[in-house]
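Position chain B relative to chain A; hints supplied.
Residues per chain are reported as follows:
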Amino acid sequence: DAKTTQPPSMDCAEGRAANLPCNHSTISGNEYVYWYRQIHSQGPQYIIHGLKNNETNEMASLIITEDRKSSTLILPHATLRDTAVYYCIVRAMDSSYKLIFGSGTRLLVRP
Amino acid sequence: NAGVMQNPRHLVRRRGQEARLRCSPMKGHSHVYWYRQLPEEGLKFMVYLQKENIIDESGMPKERFSAEFPKEGPSILRIQQVVRGDSAAYFCASSPEGLSYNEQFFGPGTRLTVL
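The listed protein sequences correspond, in order, to chains A and B. Oh and the first sequence: position 32 is 58 in this note's numbering, straight run, nothing missing. Oh and the second sequence: position 91 is 1068 in this note's numbering, straight run, nothing missing.
Bound conformation, chain B alone:
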């Protein structure tokens, strides 16, 4: 059973470009979470999605950031018009149906560098 997959693992963008980060949850998992880790800091929750629904996006910056988890395909975290402060590691986690305290399984992360 493959774990959570994220791609790309490393992404370099120039200021003003768009960044698209992909996350494929573990097989059978329908809950996806995105976290961001700025350099030398802990992970911060961004958004929680179930298939075709955003459940909680309270950790998402108000502008330029969006997330989706379509019926088919991976979850996408999209950052428009990137700025240097967006440089960070972005981690996706997934959990199965059921009680919300199920452990979350994390992917290897995407490291975004904005030049």
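Next comes chain A alone, as it looks inside the complex:
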């Protein structure tokens, strides 16, 4: 599975959009981009995943660049409860069940 690079920490104001970047320059054609988050002392929570098209669900939007070498997770209106560590994970479509967690980005949402 390809390696990902994320900034160690970010912050944003409550109510504003939080844009979390992820680089995955060695991603292969059959690898998806997944995002999970871990709120303090809880188990990781699935957020969203995509292959090459932008994706949106009730939690977030995922923007993947055309060359697929990077992506951005967008929380459109961050709340204090979105404070968490966000993990970007690249995972093969049909051969990899392991989730390989890096260090993630620690997002702090400020009141």
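Calculated from the structure, these hints are not laboratory results. Any given hint could be a false lead.
25 Å max Cα-Cα, derived DSS-like pairs, lysine-lysine [to be verified]:
| # | chain 1 | residue 1 | chain 2 | residue 2 |
| --- | --- | --- | --- | --- |
| 1 | B | K1028 | A | K124 |
| 2 | B | K1048 | B | K1004 |
| 3 | B | K1021 | A | K124 |
| 4 | A | K78 | B | K1028 |
| 5 | A | K29 | A | K124 |
| 6 | B | K1021 | A | K29 |
| 7 | A | K124 | B | K1039 |
| 8 | B | K1048 | A | K124 |
| 9 | A | K124 | A | K78 |
| 10 | A | K95 | A | K78 |
| 11 | A | K95 | A | K124 |
| 12 | B | K1004 | B | K1028 |
Here the structure is a predicted model, which is why all the values come from computation and not from measurement.
Here is chain B on its own, set in the frame of chain A:
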């Protein structure tokens, strides 16, 4: 539909004792994964099981650790003769039958403290 359940949530053991961690997957899920999170680190894959089968245990320490997922009952992660370095949060996740890239649903974890 209840989520993934783990118990106990907190477990304290003295060095040399055994630790048994239990995981009940979501209803209808037959795939179970165990991950370990050491303090201030990311989660690390340990083992992947299906009912009565260990599919991949490449992340398990070679000694003292074992896992099972019997036909009936929860999945068990067993750590024999615990040492202080085993202190960590152990998370279980489950996914349904089907393609392996299905999202994994995580439990709340068991926090093991070895005195």
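Hints breached by this structure: 4
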